[in-house]
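Participant: Chain by chain, the residues run as shown.
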Amino acid sequence: MNALPARRAAHRWLLLLPFVWQVGLIPVVNDLPWRPFGLPFPMFWQMLGILVTTAVIGIVLRLDRRLDRRRGAVDADGAAAGGDAPGRPH
Amino acid sequence: MTLALFLAIVLGTMLGAVFYGQRQSRARTMEEWAVGGRRFGPWIFWFVNAGEIYTTFAVLGISGYAWAFGAPAYIAFTSVSLACTLGYWLMPKIWAAGRRHGLVTQADFFEQHYGATWLAVVVGVAGIAALVVYVQIQITALSLILRLTIGPQFSPLGSALLAAAVMLAFVYVAGLRSAAFAAGVKDVLMIVMIVGLSLSVADKVGAASMLDVYRMAQEQHPGIGVLPGLKPEANLSTTWLVTAALNVALGTWIFPHMFQLIYAAGSVEAIRRNAMWQPLYSLSYFFIVLLGFAALLAGTAPADGNLNAVLLQFVGDRYPAWAIGLLAGGTALLALVPGSILLLGAASIFGRNVVLPFKRDLDDRTVLWVSRVAMIGFAGIAVWLTLTSNKSLVDIGLSAYAAIGMLAPGVFLAFLWPRANAIGVFAGIVAGYGALLLPAATAFWGAHLPEWDQGLIAMGINAVVAVLASLVAPARMLRPAFAPAPGA
Chain A
1 MNALPARRAA
11 HRWLLLLPFV
21 WQVGLIPVVN
31 DLPWRPFGLP
41 FPMFWQMLGI
51 LVTTAVIGIV
61 LRLDRRLDRR
71 RGAVDADGAA
81 AGGDAPGRPH
Chain B
91 MTLALFLAIV
101 LGTMLGAVFY
111 GQRQSRARTM
121 EEWAVGGRRF
131 GPWIFWFVNA
141 GEIYTTFAVL
151 GISGYAWAFG
161 APAYIAFTSV
171 SLACTLGYWL
181 MPKIWAAGRR
191 HGLVTQADFF
201 EQHYGATWLA
211 VVVGVAGIAA
221 LVVYVQIQIT
231 ALSLILRLTI
241 GPQFSPLGSA
251 LLAAAVMLAF
261 VYVAGLRSAA
271 FAAGVKDVLM
281 IVMIVGLSLS
291 VADKVGAASM
301 LDVYRMAQEQ
311 HPGIGVLPGL
321 KPEANLSTTW
331 LVTAALNVAL
341 GTWIFPHMFQ
351 LIYAAGSVEA
361 IRRNAMWQPL
371 YSLSYFFIVL
381 LGFAALLAGT
391 APADGNLNAV
401 LLQFVGDRYP
411 AWAIGLLAGG
421 TALLALVPGS
431 ILLLGAASIF
441 GRNVVLPFKR
451 DLDDRTVLWV
461 SRVAMIGFAG
471 IAVWLTLTSN
481 KSLVDIGLSA
491 YAAIGMLAPG
501 VFLAFLWPRA
511 NAIGVFAGIV
521 AGYGALLLPA
531 ATAFWGAHLP
541 EWDQGLIAMG
551 INAVVAVLAS
561 LVAPARMLRP
571 AFAPAPGA
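From first to last, the protein sequence lines stand for chains A and B.
Counting in the numbering used here, the first sequence runs without a single skipped number right up to 90 at its last residue.
Counting in the numbering used here, the second sequence runs without a single skipped number right up to 578 at its last residue.
Some hints could be false.
As the list claims (entries may be wrong) - Covered stretches of chain B (chain A as the covering partner; in silico rule of three or more C-beta atoms under 8 angstroms from a C-beta of chain A): (1) 212–222; (2) 541–553.
As the list claims (entries may be wrong) - A few chain A residues that don't get close to chain B, going by computed Cβ distances all over 10 angstroms: (3) 12; (4) 24; (5) 35; (6) 67; (7) 69; (8) 70; (9) 71.
These aren't lab readings, by the way, just hints derived from the structure by calculation.
For every residue, glycine included, the Cβ atom is placed at its ideal position computed from N, Cα and C.
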């Protein structure tokens, strides 16, 4: 049934994006002099990061739902919980 | 006027919550009391979740941080969305384990997964300790609110005791469901309040608009908008923000009350949708930081330079009495709701995972009773901590995250690495607490990595030791550490 678990969950690597945006790039964006809407740039960046996060999770959620429907199980995660989850971030 | 509004809001919400909780069901079992019968739909789950994230730490703490330091307050924007991103992956796993094995507390999870009751006792005690520190935040804030609004005649001890008593009363009358109702009221009230204050704040400080407040703050206080903020000597640099935000994100779901909240969800769908939408809520920190900056422009000077009092002081100085009454009532709920859920979490762990292993013959009702009595003790310890510390709510909060972070490797390894075992996890916890609490260790980090969040350092050491100790732990000392899931 789970012949290709790694490929099955590959889209979940997208969840690393918010970490890159909101933490990884902090040192890069901190000293940019541009002030969009008069806001300090690092603050503007963090607020934008929140929108990015919701968008990314939204995309992953859609893909997960499609996966769940295909497998006919509501708790696709339940099957993996307690076991290892190859191919997933963290 | 101030007092009347304050009482109307707090008492009205409490009555409504109790009525709502009673109507739903009476908590006769631990499962009903502590995890709401595992039936929480998306809305109720949303409000309890938000209730746990947006506490006085968020409103009074972050506005005070913005006032005192400036840019370091951005940690509020970073931590919620990263916690949700991680939670999208982690929460369904915890939920599924809870449902499959009938888990009620976080220590149950450790006991079930690692097959070691003794580890659950250790984890239970560690979890209670972190929760009590978190309760301390809420009592510190609530007693501050009582003194600022009702009157300075309240002694710190008197107001802290009163705050703890109200919190206990709240959680005794019903369980998690009542808290969910109060969380909903509190959220709506606080959003309305914060937005309302923000809309009129420009006038109060001679700015043309909200964005103009940000412009003025950056002009009059150069450096406020970028890290390390107004006080470089505080070491709140970009490195600090990176490490502290990661530590908060990794620790958020590890709090025992968050585990219980996850168990309470009715479906994976409720959890996932919540993880998607919850970050947007944290855009409201735009207003909280705005109010902190405005307070700075207005020259707000709270008594004793207390960061936590900045917002209340600013509103008291510049707004009519009804506004401070509403704000005080709203922020009091902001302390009461999470405070009662935290106490509920600590109490259920104590009954199930600390007392029960030593007295197996207790029935469910007796354990529930023991848990409820123990809450008084935990509230008392939190009151005592409140009186002995005068730190910023954000700093107390970060130490609570550091403390709970010691349980994080055990949770993550459970889902990522089948070889992790009880001895390894225990060794990691011991090493982590050593790195976090031993004076020699903290002095070492302070000298060599002054900008690093010490909680994250300790969590890293904990994880490395847990992996190494799991590898060398003699197999015969372990019961089967890893029970494969049925059907997996």
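Participant: Going through the earlier hints one by one, which of them does the structure break, listed in rising order?
Facilitator: Violated hints (numbers, rising): 1, 2, 3, 4, 5; every other hint is consistent with the structure.
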